[in-house]
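Hey, can you work out the whole structure from these sequences and the hints?
Residue numbers (this note's numbering): 3 to 359.
The hints are simulated quantities; they were obtained by calculation from the structure and are not laboratory data. One thing to keep in mind: the hints can contain errors.
[Claimed, not checked] Computed Cβ-Cβ distance ranges for the label pairs, DEER-style: (1) 256 with 109: 22 to 28 angstroms; (2) 229 with 33: 42 to 48 angstroms; (3) 244 with 295: 15 to 21 angstroms; (4) 284 with 33: 40 to 46 angstroms; (5) 304 with 339: 18 to 24 angstroms; (6) 194 with 111: 16 to 22 angstroms; (7) 229 with 350: 50 to 56 angstroms; (8) 283 with 141: 42 to 48 angstroms; (9) 229 with 256: 23 to 29 angstroms; (10) 335 with 287: 46 to 52 angstroms; (11) 103 with 62: 37 to 43 angstroms; (12) 101 with 220: 51 to 57 angstroms; (13) 350 with 269: 53 to 59 angstroms; (14) 328 with 208: 51 to 57 angstroms.
[Claimed, not checked] Here are the simulated lysine-lysine pairs, DSS-like style, with alpha carbons at most 25 angstroms apart: (15) 224 with 62; (16) 105 with 198; (17) 299 with 354; (18) 252 with 222; (19) 198 with 222; (20) 105 with 172; (21) 224 with 105; (22) 172 with 252; (23) 62 with 140; (24) 105 with 62; (25) 198 with 172; (26) 140 with 252.
These numbers were taken from a predicted model, which means no experiment stands behind them. Backbone N, C-alpha and C define an ideal beta-carbon position, used for all residues, glycine too.
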Amino acid sequence: MSVSPPKRNNGFPVPAERVLVSQTGSEATSIPKITVFDYSQSEFNQWSTTSVDVCVPPPKGVTVRWINVDGIRNHEVVEHICQCFGLHPLTIEDITTPDQQPKVEILPEYALIIIKMIHHTGPDSRMVSEQVSIVFGKDYVLSFQEIQGDVFDPIRRSITEGSGRVRRGKADYLAYGLVDMIVDFYFSILTEIGEKIEDAQEQLIANPSTEILRDVYDIKRKVIELRRSTWPVREIVLALERDGVQMFEKTTLPYLRDLYDHVIQITDHIEIYREWLASMLDIYLSSITNRLNEVIKFLTVLSTIALPPTVIGSWYGMNFVNQMPELNWPFFYPALMAVMFSMMIVLFIIFKRRHWI
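Quick look at the structure:
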């Protein structure tokens, strides 16, 4: 069985594998990394800055200002950036609070999207879900990430190279593009999980073992984590399409519908993978049961073949010499051995013809 997610074709390059820089200790509370993109269809400007500089109005002719913040532990900096754009205190609280439930909020002046971005971290490639908050208004987009490293490089290249539709679009299209890149990476994770399931299935059929069973349970855990992160995205995209009409240009709405279709494909594939993994567990249990039955059958056949000499030996082992005159016959022992071996050979031939051994 082979089930692979469909390839995306959304106008953006396929996102590369994430490279992450974990923030621990003092790094987690330091000033976050802030990157600003000012762009229009004809020009762009990229620069890194402090929180104070983002409040400076963009130059004349700039269509969109995109501010990306890596690190939300420093609440003072994040709150200052949010206040510059007039965000509601509850919105700021949602952004600065990790482990928020994915959601979307449509306000008169802006929209807030909280979504989970899946990535691998650590030497064991453990799958981790990271919160990403996206706020967009008429001419700006704010994106807040828990740690450095993301899947947005294709969008950055599209802005710097002037390729694709980003530079021609407004802030709503950029916000769509950020969500779309996160969804694209879900496809990458699904492809990787599908390959692992295929490998585990082949090994499970060839040689079922507890090691393979542990691998299957590990894959199942990843599928559950992915489902937990991706399932709310359906409602997010649907809410953007249904309730965010005032926030999106008419030219962007078809892309939202396309994005919703792809999210449905992702959730469908996750359900297929869950059923696939459940069937693999059934295969493992059946294989173990069949192996046990083979062992029991072998021992039963062996015991049956050994039964005649056991009975005969037990009978004459009573050693009643006076009552068993044949014990004194000179050729009794070799004759008895010949009878016992003949019976064993006959039983072996019978079992062999019936394919019991």
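So, going through the hints one by one against the coordinates:
1. One distance hint, 22 to 28 angstroms for the beta-carbon pair residue 256 and residue 109, holds here, with the actual separation near 24 angstroms.
2. For residue 229 and residue 33, the hinted distance range of 42 to 48 angstroms is not satisfied, since their beta carbons lie about 36 angstroms from each other.
3. A C-beta distance of roughly 56 angstroms is found between residue 244 and residue 295, which places it outside the suggested range of 15 to 21 angstroms.
4. Between residue 284 and residue 33 the beta carbon distance is about 53 angstroms. The supplied range of 40 to 46 angstroms is therefore violated.
5. Distance hint check for residue 304 and residue 339: the Cβ-Cβ separation is about 19 angstroms, which falls inside the suggested range of 18 to 24 angstroms.
6. For the hinted restraint 16 to 22 angstroms between residue 194 and residue 111, the CB-CB distance of approximately 40 angstroms leaves it violated.
7. Taking the beta carbon of each, residue 229 and residue 350 are about 55 angstroms apart, inside 50 to 56 angstroms as hinted.
8. At roughly 53 angstroms, the beta carbons of residue 283 and residue 141 sit outside the given window of 42 to 48 angstroms.
9. The beta-carbon spacing between residue 229 and residue 256, approximately 27 angstroms, falls within the hinted interval of 23 to 29 angstroms.
10. A C-beta distance of roughly 51 angstroms is found between residue 335 and residue 287, which places it inside the suggested range of 46 to 52 angstroms.
11. Restraint check, residue 103 to residue 62: a C-beta distance of roughly 40 angstroms satisfies the suggested window 37 to 43 angstroms.
12. Between residue 101 and residue 220 the CB atoms are about 23 angstroms apart, so this pair departs from the stated range of 51 to 57 angstroms.
13. With their beta carbons about 58 angstroms apart, residue 350 and residue 269 fall inside the hinted range of 53 to 59 angstroms.
14. Against the hinted window of 51 to 57 angstroms, the Cβ-Cβ separation of residue 328 and residue 208 comes to about 55 angstroms, which satisfies the hint.
15. Distance check on the hinted pair: residue 224 and residue 62 sit about 47 angstroms apart at the alpha-carbon level, beyond 25 angstroms; violated.
16. For the given pair, residue 105 sits about 31 angstroms from residue 198 by alpha-carbon distance, which is inconsistent with the 25 angstroms threshold.
17. For the hint linking residue 299 to residue 354, the alpha-carbon distance of about 13 angstroms falls within 25 angstroms, and the restraint holds.
18. Only pairs whose Cα atoms come within 25 angstroms are accepted, and residue 252 paired with residue 222 is rejected, the gap being roughly 40 angstroms.
19. Between residue 198 and residue 222 the CA atoms are separated by roughly 11 angstroms; this keeps the pair inside 25 angstroms, and the hint holds.
20. A C-alpha spacing of about 22 angstroms is found between residue 105 and residue 172, which places the hinted pair at or below 25 angstroms, so the restraint holds.
21. Restraint check: the Cα-Cα separation between residue 224 and residue 105 comes to about 22 angstroms, which is no more than 25 angstroms; the hinted pair holds.
22. Between residue 172 and residue 252 the alpha-carbon distance is near 11 angstroms, which keeps this suggested pair within the 25 angstroms criterion.
23. Taking the CA atoms of residue 62 and residue 140, the gap is about 15 angstroms. The hint holds against a cut of 25 angstroms.
24. Under the criterion of a C-alpha separation no larger than 25 angstroms, the hint pairing residue 105 with residue 62 is inconsistent with the structure, at around 34 angstroms.
25. Among the hinted pairs, residue 198 with residue 172 is inconsistent with the structure: their alpha-carbon atoms are about 40 angstroms apart, more than 25 angstroms.
26. Proposed proximity of residue 140 and residue 252 is supported: the alpha carbons are some 14 angstroms apart, at most 25 angstroms.
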